[in-house]
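Let's have the full structure, built from the sequences with the hints guiding it.
Chains as they are written, first to last, in full-length UniProt numbering: chain A, 1 to 267; chain B, 1 to 309.
Since the hints were made in silico from the structure, they are not lab data. Do not take every clue at face value.
Unchecked claim - Cβ pair distances, simulated, as ranges:
no., chain 1, residue 1, chain 2, residue 2, range
1, B, Ala131, A, Phe56, 33 to 39 Å
2, B, Leu93, A, Arg5, 53 to 59 Å
3, B, Arg100, A, Arg125, 30 to 36 Å
4, A, Thr162, B, Ala275, 51 to 57 Å
5, A, Leu254, B, Glu204, 35 to 41 Å
6, B, Arg205, A, Arg125, 41 to 47 Å
Computed from a predicted structure; not experimentally measured. Glycine is no exception: its CB is placed at the ideal position from the N, C-alpha and C atoms.
The lines below spell out each chain.
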Amino acid sequence: MRLSRLSRTTLGVVAVLILVLVYVPLFVVLVNSFSTSTSLSWPPPGFTLEWWQRAFRSAGAMEAVGTSVVVALVSTAIALLLGTLISFALQRFDFFGRHAINLLVILPIALPGIITGIALNNFFRTIMGIPLSIWTVVIAHATFCIVTVFNNVIARLRRTGTKLEEASADLGAGVFTTFRLVTFPQLRSALLAGGLLAFALSFDEIIVTTFTAGSGVTTLPIFILNNMFRPSQAPIVSVIAVVLVIVSIVPIYLAQRLSGDDEQKAP
Amino acid sequence: MTTNATAPTSPPGRGIPRPKATTARRTSVFLSTHPRTRLALLLSAPLFWLALVYVVALAALLVTAFWSVDSFTGQITTEWTLDNIITVLTGSLYQTVTLRTIGVALLVTIIDVALALPIAFYMAKVASPRARRLLVIAVLMPLWASYLVKAYAWRSVLSQDGILEWVLAPFGLHTPGYGLTATIITLSYLWLPYVILPIYAGLERVPDSLLEASADLGGKSWPTIRHVVLPLAAPAIIAGTIFSFSLSLGDYITVNIVGGASQMLGNLVYTNVGAANNLPLAAAIALIPIAIIFGYLALVRRTGALDNL
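Next comes the structure, spelled out in structure tokens:
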């Protein structure tokens, strides 16, 4: 399509304006983390580094980060395994009930979190009689993370086809050797992208977590929710948010690099 | 597919040596000749997980909606009754809140699609590869700032002495404060990246050659977008709307943070599970969003949107 210079510029300006809008609230959080005011007044009456120091000394915040990382890592690992298995089944085989299984994978993310939350809470406590703990959170998170891995892997499987695997089998490689040397290397970046999304999804999830976490389990979102409205703690929450955004640059950059490499390699 | 296991031995010194008949090799041969077993092995673990954890939990929740709570002991009585369903269907509170929730979810979805389309189009079809990469990063980054912090940031932006009032006051305008408008703004903000990303991915898959062909045939920008780009990107756009619609439908935390007193379905479910300890009624209320989402998924299934999530 040949867009005129004017429409290109207009589109560019609109895109930049939307991005500016997206970053205004984040900017406000950044400024709030240095503000001497514990309420939300603008412009800030003065600036201080106190909140940053207190945030890094806050044992509760650090422990919550640790819990969140453990939960996100384990649920991502489970989601990677189950999501990959199910994408192979749905992409490489045609069988009765395929669409139902597809829907089953999507459902935990398509249904509102509060429904998944109360359903799992009821399931663990009254049906299974399992007390809520960090592991019930992991089970819940893994369930709705499967879909992100599934989507990435199945898209890659559709694109790569089965020619290389057939060639490998013709040359005498067994099922396992072919997977290790041919299939898996082709999937690696899709697995990383899906895994990153799953990690992010789990790390930020609050509603399902509220309903499936045992009383002693504080993930970072639960910590934030508990402290957000306490005047003496609110600016610390801002500090945590700023740190999270900065830290997130690394995985996003990595994912971008990897997908960029793929584009260049693609025929 | 053929396997080498039964091939005749090659003359010494030439060709591939015959593989040793290890257990792994035998399993491998068995698997490659039994596709149904392969499928069963692939499916058993994920299906076991999803069926056991999710389907059973969801089914149990549906069943609970037909039970009731003993008002004296607070225990669930497992006698079948339609009372909760009738209460939810006929109660004016539930009707109002349902309509309000659907209205908010629809508005949020429309706003998000309207914002996502130009920026996704610019990213996919106009920007240089370098600029595109930077834009993707710029769109993804807010996704990693915590949901709660972003909602809280909007509380700060919209407050009476927040930045919005500070910007608007010189023009004689004022912040909308906390309420339904604030809820719609905040939810649109929170789900925007979830709508941009699938639309961007969908537009990226629209081949440039089709756009060139349209231009060669005399199609100007707007007709090309309407007759070529939009129909091809429709499944991706619908996939994006599933996110914004469903996430808005069940939200109660943002509503608590910036929503003032107006409730949504999520709040009703939450209060009935927590404070009121009435799981059967909460389950009956939860049936409303479940029904809406299932209706929506059934409606969009044929468009192929479910493959674009």
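key: Hints not upheld, ascending by number   = Result: hint 5 breaks, nothing else.
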